[in-house]
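**Q** Letter by letter, the chains look like this.
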Amino acid sequence: MNFFYSALRLLAFTALALGSALAAADTARQTIARAALAEAPAQRIEIITLLIGSGDESIAPLLNAWKEDALFLYSAPAGSKIPVQLSGDKDEQGAQAATSVDTGQPILAPTGRPLRLIAADLTAVEHNGALRRAMKAVLDLLDLSTANVEKRVRAIQTIGSSQNVEKLPALQARAKIETAPAAQLALREAIALIQLKSPDTPTKLAALKELETLHTIASADPLKAALKEAETANHPSVANAARAALNAVDSHLMTVNFFGTLFRGLSLGSVLLVVALGLAITFGLMGVINMAHGEMIAVGAYTTYVVQNLFGEGMDLMIPFTRIGVHLPGAHLTGWVYQTYFIVAIPLSFLAAAVVGIGLERSVIRFLYRRPLESLLATWGVSLVLQQLFKLTFGSNNVQVSSPSYLSGNWTYQDIIFGWNRVFVIGFAAFIVVGVWLVLTKTPLGLLIRAVMQNRSMASCMGIRTERVNMLTFGLGSGLAGLAGAFLSQIGNVGPSMGQNYIVDCFMTVVVGGVGNIAGTVISALGIGLADQSLQQILLNPVLGKILVLVSIILFLQWRPAGIFVTRSRSLD
Amino acid sequence: MITKITKLLGVGALALGASFGTARAADTVKVGVLHSLSGTMAISETSLRDVLLFTFDEINAKGGVLGKKIEPVVVDGASNWPLFAEKAKQLLEQDKVAVTFGCWTSVSRKSVLPVYEKNNGLLFYPVQYEGEEESKNVAYTAEAVNQQATPAVDYYLAEGKKKFYLLGSDYVYPQTTNLVLLEYLLSKGVPLANIGGGFKKDESGKIISAGKYTPFGHTDYQQIVAEIKQFAASGDACVISTLNGDTNVPFFKEYAAAGLSAETCPVVSFSISEDEFRGLPAKQLVGQLGCWTYFQSINTPANKKFVADFQAWLKTTKTPGIVKEGRVTCSPMVLSYVGVYLWKAAVEKAGSFDVDKVRAAYQSGLSFDGPGGKVTTQKNMHVTKNVFIGETKADGQFKIVKSFDNVYGEPWLKGKFKAK
Amino acid sequence: MTPSATGRSYLGSRRTEFIVVGLIAFFLIVVFPLLNAFGIVSNFTITLWGKYLCYALLAISVDLLWGYTGLLSLGQALFFSLGGYMMGMHLMRMIGDLGQYHKPIPDFLVFLGWSELPTFWKPFSSFPFALTMVLLVPGLLALVFGFLAFRSRIKGVYFSILTQALTYGASLMFFRNDMLMGGNNGFTDYKFILGYDIRDAATQRALYITTAVMLLLVYTGCRWLSGTKFGLVQQAIRDGENRALFSGYATAHFKLFVFVLAALIASIGGCLFVPQAGIINPEEMKPEKSLEAVVWVAVGGRGTLVGPIVGAIGINALKSWATRAFPDYWLIILGVLFIIVVLFLPGGVVSLAGKVRRLFSAKTAPDSAKP
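Chains as they are written, first to last, in my numbering: chain A, 846 to 1418; chain B, 238 to 657; chain C, 18 to 388.
Excised from the complex, chain A in its bound form:
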């Protein structure tokens, strides 16, 4: 931030004299071109700083392009270097139309036609942290009048938190014409924060009063500083006002944390629900203790990874036990079409995991329906094999799954963050639960499933092909695990042993809910999620929270050995 101050100072003292002269001589585009051509980083920063206060519309796109490595130095045949920006679609060679930075016009090749250049052949204009902050300083003031409210708010907040008195007039001027409520609030906060630095006591008190009304989190630190200052200066009235403001902030923080915890608990519960629902079917309904459930999740996650790469750049795979590598070509999609990969991946993950699950059921589990404890052991063996197969196929490293843009932002309401991926998982969980409920209760398959699960031999006597039903039920459970994997790829890592992180939690969730009861699983997942997050918030320690949850689960099961909902039956054993 040191730089920010010096930049502002520079503006204050030289911008009028020099800047206006430059502005007359140089357009913003020319200034940027000059900066791009400058050799020394310090010189670049100096030139970029001259743009502060300029409202030129070409600044933002150019600086952003620079930041994103999309500004290049083109060595013209004549020997001079020209800063260029590449834009438009790539042709077969990957070339794009080149625009000169200082004029904004296309550069013409000697033939007279617009010049097309290939990005890979050029060197991008370099930038570093200090330069990007210089650009930010330019963009911040630019952003003070930008049409985008969110951007404007951020710009105002940055200025406010710097508490620089010199910026006060600019903010006050803006406050007079500002119409957006969010920006108005931000302006009030920023102005008050700056006024906190005022030597004049009434102004300070007014500022503190204002901050008390606004009680923003960002004002906590400046308030603490002000309080300390007032205490050392023995200024009881200011100190009291600061304390009152701080209290208001604290109580606001309490509210934020309370509702934030609720939301986080809900979302963690939904994650648990999504990962455990498949198990609620294979374990709860079928009585198969599938230790390979985690690997079914991984199958779903890897499917998402493959789909992502098929939409994008393609990928290389190894066929296990051979040294043969396979290259899967990618569709090289971009933009929103590429982003839809996740939507496509969801059903495919379900299918992939269901197919693997059915294979597992046919080859191993069907021999073990009468020996549940042994199904635990055999599926553990399966889990080891699958993990190693993932390693041999995809490598032992985690693989990259990038989140589509519609899952990587957030809404912030009253400082409570609602991540889109988290909101999505809550909806996703609800969707899956309703789906499973519908399948189990409203379809012929569901009827068969319930019949076979309640009494396998009786169902068989009634002419139901129990083998087939078993297979489909296990497929359904595994498919649900695959769905969980598709989602988990968005919030966690995708690797050969990813499933191991969830398996104990899954079993806990199902057992607490009561085996054989989907509603129980829903309640227990949400309960565990909320308990975990609340304990984390209270203890401020993620591990202790988790241990406490485990202990309470063990104690809970002493009280209700069969879980929340007991499936009643007359049989003993």
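Everything labelled a hint here was simulated from the structure, so no lab data went into it.
It should be emphasised that the depicted structure is a prediction, and the values quoted were computed from it without experimental measurement.
Heads up, the beta-carbon is just placed ideally off N, CA and C, and yes, glycines get one too.
One should not assume that every hint holds.
What the hints assert, rightly or not - Computed from the model, here is a short list of chain C residues facing chain B with C-beta under 8 Å: (1) Leu-65; (2) Arg-193; (3) Asp-195; (4) Thr-205.
Claimed, not checked - A few chain A positions that, by computed beta-carbon distances, are all more than 10 Å from chain B: (5) Leu-918; (6) Ser-920; (7) Ser-1007; (8) Gly-1204; (9) Met-1298.
To be verified - Only pairs whose alpha carbons sit at most 27 Å apart, straight line, appear in this in silico DSS-like list of lysine-lysine: (10) Lys-653(B) x Lys-425(B); (11) Lys-653(B) x Lys-981(A); (12) Lys-333(B) x Lys-299(B); (13) Lys-552(B) x Lys-299(B); (14) Lys-399(B) x Lys-1069(A); (15) Lys-616(B) x Lys-1073(A); (16) Lys-172(C) x Lys-120(C); (17) Lys-520(B) x Lys-996(A); (18) Lys-1073(A) x Lys-655(B); (19) Lys-555(B) x Lys-333(B); (20) Lys-586(B) x Lys-616(B); (21) Lys-437(B) x Lys-172(C); (22) Lys-594(B) x Lys-305(B); (23) Lys-1073(A) x Lys-552(B); (24) Lys-1054(A) x Lys-1073(A); (25) Lys-616(B) x Lys-981(A); (26) Lys-120(C) x Lys-653(B); (27) Lys-1069(A) x Lys-655(B); (28) Lys-981(A) x Lys-305(B); (29) Lys-120(C) x Lys-655(B).
Given chain A, work out where chains B and C should sit, using these hints.
**A** Then chains B and C, alone, in the frame of chain A:
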């Protein structure tokens, strides 16, 4: 019952037979490679095995060490710490290796340390670690805390950062690093209130632990990210992360989803190198910082040659289980590579493979011009080397933004920095 | 099913069994260490076998619960580790000031900022106290957990999952540095046991012999127990708990006793394991470790006492070899082996002997290994 006895004996013979290595030839020298090739740590450690084999081939092609070809004995620690001790014993007592290159985690090093001290072996350890240890049987080519963490803090301070949030996995390396950083920050005049993550104090009020810790395999970072967001609300904040491997993914995904970025609150991670980067969501990490004594992007002829040679070797190697596509080089790999050459230099100076003589030569201050620049051995078995700070880019590489030359490796840092 | 009958069927009469066990014990306890003393068997091998025998103790404890009482505990490694930790605490105290910091307290405590020993560490300087704790701590934990679990009639899969949760929770707990039990690194770098240098070949040999003798004692004890009325009730609980209950046996008490006994056996195994392996840390409590022990028993042959021993030694020997010969395929080998055993050989490897015998004697004995 006879069948049973034979079976028992058979199994025993199997174990015994396994212990005897391949026949020894007079013109080779056995060198141990002790890394996890399976289990949780295989993700990181397999690359070190690969680069070691590459280095041996490179040295053998040029005539070996003291005229002897290096014969690697590769064993798998399987991410199982007692097994590490067992395998170390095997290497030293059965295979009688001249030197071992190995270990990644601190706990594996601690587990084999008594074995090396007992048998007077020599272990080259290449991965950043917490210090607070100095054994004559271990050559630490690894980054000490002052070759990674404190330079990163210097960088942040120069950038005008005022608030520091400490976050790490709960084991020795992060705990120690954060305690050292706490002392360092206080010595630089950063008030305690501006250091986030929480503290633990003993009865006398002395801080015994600083920062927020999560276990390995932790998947839910919602609460911590929300806390960081509040911590960073007033600006000028940064995060110093010693999170290990896997947990970086959920952390950074949550971090990006909460609207935090390198510009609002940068994160410097000490455990993310180019190799780990392969499994991370690159887009969400752009601009975050890394700090190592080597980056693949170092623009020197020596490094370019190293990277090209390694890639060429990968194409031709016949060793099974080596991934050939999308490989990168990173600091622990280069420190393994440098370690082999430093050992070679020490052996050649000593004119013998005898551990005591090699150690004496090693401690006398040998230099080697590696891919990351010049490294020099020290009396305390550590290494003086250059330190680089890099910004991550979308292609998984680092852009070097600052470098510190010839930083002395100092293992004993706790209590060294006094608060102002 | 009558696995204990299997046990007898392949060993023939009591006399042959006595001779076979005696011979093997003589070999393991006397011949093997002697060979080591004369340098024929290397120190490395003797320590390795010492560890295998500790694992065999753990396997017996799993089998006592699972094979004989029908309680599949997925948390036996917890008791094994607890025993190891208690022993480790004593060994840590015996390092004295020879650690990295040259302070009279363990290194990790110095590192955590302690200048003197926490109270609960103090008595561990005494070897008898540490041994008492080896029995007391796991025993009490098993008693409390078992009491709660069996009182509320938690059984079958629920019991398995609860024990898994228990060990998972404990591993998280011990993982924390604040626990003052060494955190992730656990305890390592031991120097002395009872005044002898722990890394000395003779000490390691003595530890090996102790382990082998302990295994023989446990084997004999369990063998005796399974033949008593208590053992029969135990097996009755396995085969039909409700019938046993309605016959007037307080099954919960029987189960609790067996659970505590198994915990003690595991704990003794762990206590002998630590000085030989040279390290104990929370990794050993992870749910996978307990599952591995179950694998040894299943592969070896549950419901017999020889099975777990064969399984523990065999699989660990296979692991020592395969992780070196086929690091990439080791898990696949283990996994497939395991699936095959569960599917086609529920009686484990030892039941093969009986099958082969029957094949030769061509008697039409009922297949007793069928569940």
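**Q** Now tell me, hint by hint, if it's right for this structure.
**A** So, going through the hints one by one against the coordinates:
| no. | hint | result |
| --- | --- | --- |
| 1 | Leu-65 | holds (7 Å) |
| 2 | Arg-193 | holds (6 Å) |
| 3 | Asp-195 | holds (7 Å) |
| 4 | Thr-205 | holds (5 Å) |
| 5 | Leu-918 | holds (17 Å) |
| 6 | Ser-920 | holds (19 Å) |
| 7 | Ser-1007 | violated (7 Å) |
| 8 | Gly-1204 | holds (25 Å) |
| 9 | Met-1298 | holds (31 Å) |
| 10 | Lys-653(B) x Lys-425(B) | holds (13 Å) |
| 11 | Lys-653(B) x Lys-981(A) | violated (38 Å) |
| 12 | Lys-333(B) x Lys-299(B) | holds (24 Å) |
| 13 | Lys-552(B) x Lys-299(B) | holds (20 Å) |
| 14 | Lys-399(B) x Lys-1069(A) | holds (15 Å) |
| 15 | Lys-616(B) x Lys-1073(A) | violated (49 Å) |
| 16 | Lys-172(C) x Lys-120(C) | violated (49 Å) |
| 17 | Lys-520(B) x Lys-996(A) | holds (21 Å) |
| 18 | Lys-1073(A) x Lys-655(B) | holds (24 Å) |
| 19 | Lys-555(B) x Lys-333(B) | holds (26 Å) |
| 20 | Lys-586(B) x Lys-616(B) | holds (16 Å) |
| 21 | Lys-437(B) x Lys-172(C) | violated (41 Å) |
| 22 | Lys-594(B) x Lys-305(B) | holds (17 Å) |
| 23 | Lys-1073(A) x Lys-552(B) | violated (64 Å) |
| 24 | Lys-1054(A) x Lys-1073(A) | holds (17 Å) |
| 25 | Lys-616(B) x Lys-981(A) | violated (47 Å) |
| 26 | Lys-120(C) x Lys-653(B) | holds (18 Å) |
| 27 | Lys-1069(A) x Lys-655(B) | holds (25 Å) |
| 28 | Lys-981(A) x Lys-305(B) | violated (59 Å) |
| 29 | Lys-120(C) x Lys-655(B) | holds (22 Å) |
Checked against the numbered hints given earlier, this structure breaks hints 7, 11, 15, 16, 21, 23, 25, 28; the rest are met.
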